[in-house]
Structure formats: structure tokens, C-alpha cells
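Chemist: Sequential numbering from 1 applies to the sequence shown in this note's numbering.
Source of the hints: derived by calculation from the structure; they are not laboratory data. Any given hint could be a false lead.
[As the list claims (entries may be wrong)] If you anchor each label on the Cβ, the simulated ranges turn out as follows:
1. S49 - E20: 12 to 22 angstroms
2. N55 - E78: 21 to 31 angstroms
3. V90 - N44: 15 to 25 angstroms
4. G43 - E94: 54 to 64 angstroms
5. T63 - A85: 27 to 37 angstroms
6. D13 - P97: 46 to 56 angstroms
7. N53 - D81: 14 to 24 angstroms
8. E61 - I83: 15 to 25 angstroms
Here the structure is a predicted model, which means the values were calculated and not measured. A virtual CB, placed ideally from N, CA and C, is assigned to each residue, including glycine.
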Amino acid sequence: MTFADKSLLMGSDAAEALLEYARLLGDHARTDAVTLRCLSPEGNTVEASFLLNENTALVVESTNTDVQPPDNTDLVLELRDRIGALQRPVRATEEAPWPADIPDDLTGEL
Numbered sequence: 001m002t003f004a005d006k007s008l009l010m011g012s013d014a015a016e017a018l019l020e021y022a023r024l025l026g027d028h029a030r031t032d033a034v035t036l037r038c039l040s041p042e043g044n045t046v047e048a049s050f051l052l053n054e055n056t057a058l059v060v061e062s063t064n065t066d067v068q069p070p071d072n073t074d075l076v077l078e079l080r081d082r083i084g085a086l087q088r089p090v091r092a093t094e095e096a097p098w099p100a101d102i103p104d105d106l107t108g109e110l
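Work out the full structure, taking the sequences as your base and the hints as a guide.
Modeler: Spelled out as C-alpha cells, the structure:
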């Protein structure tokens with residue numbers, strides 16, 4: 001994954017979920033921040049925060065390394081929940097009309 005001219009190694013599940021979430025945020029003109037565990041170019045485990053919006057540029061590429069990326073299982077599940085919320089938003093239910101016996105003012109008269 002390349003973001004803001006920085007290359008980070010993460011699992012394909014995390015990279016694909018991040019890419020899909022960024023795409024959907026762009027489609028809906030929304031912004032969000034996501035933090036994932038990654039390997040830095042120096043090989044250190046880091047937590048990288050990504051500010052995603054309709055102008056975010058991400059590059060996901062495969063690698064042939066035997067190095068195992070940090071586990072992001074919980075974060076990928078959260079991203080998938082966010083993706084689902086954008087794809088299938090919950091609609092507000094229609095409220096019941098106000099009863100006719102509510103006073104027009106504070107005098108208590110109908």
C-alpha cells in the first residue's frame with residue numbers, strides 16, 4: 001500500500017477493505033479516518049492512520065515477500081461494517097402524527 005508517498009506493508013484483506021472503503025467514501029463525498037497496523041519500510045510494526053476522502057489516492061500492490069503482515073482482523077471487520085453502512089444505509093422510520101389534543105400554547109387550552 002502506498003499512501004502520501006509512503007509504502008506500508010499490510011495484509012491483502014486490510015488493503016482491499018481500505019481501498020473499497022475509500023472508494024465508497026469518495027462516491028458519497030464523505031471523510032473518515034482509519035488506523036491499521038502495518039510494517040514500515042524499515043520493518044517496524046506501526047499504526048498508520050489514513051485520512052480518507054474523495055481526493056484520497058491509494059496504491060495497492062502485491063508483493064512476493066515471506067514476511068507476515070501485522071494482524072488487522074478486528075479492524076478489517078470494522079471496515080466491512082462501515083462499508084456495509086455506506087452500501088445499505090438505515091432509513092429513518094416515519095413518525096406517528098402528533099395527537100390533536102396537544103395544547104396550542106402553554107395555557108392548556110385545545
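Chemist: Failing hints, ascending?
Modeler: 3
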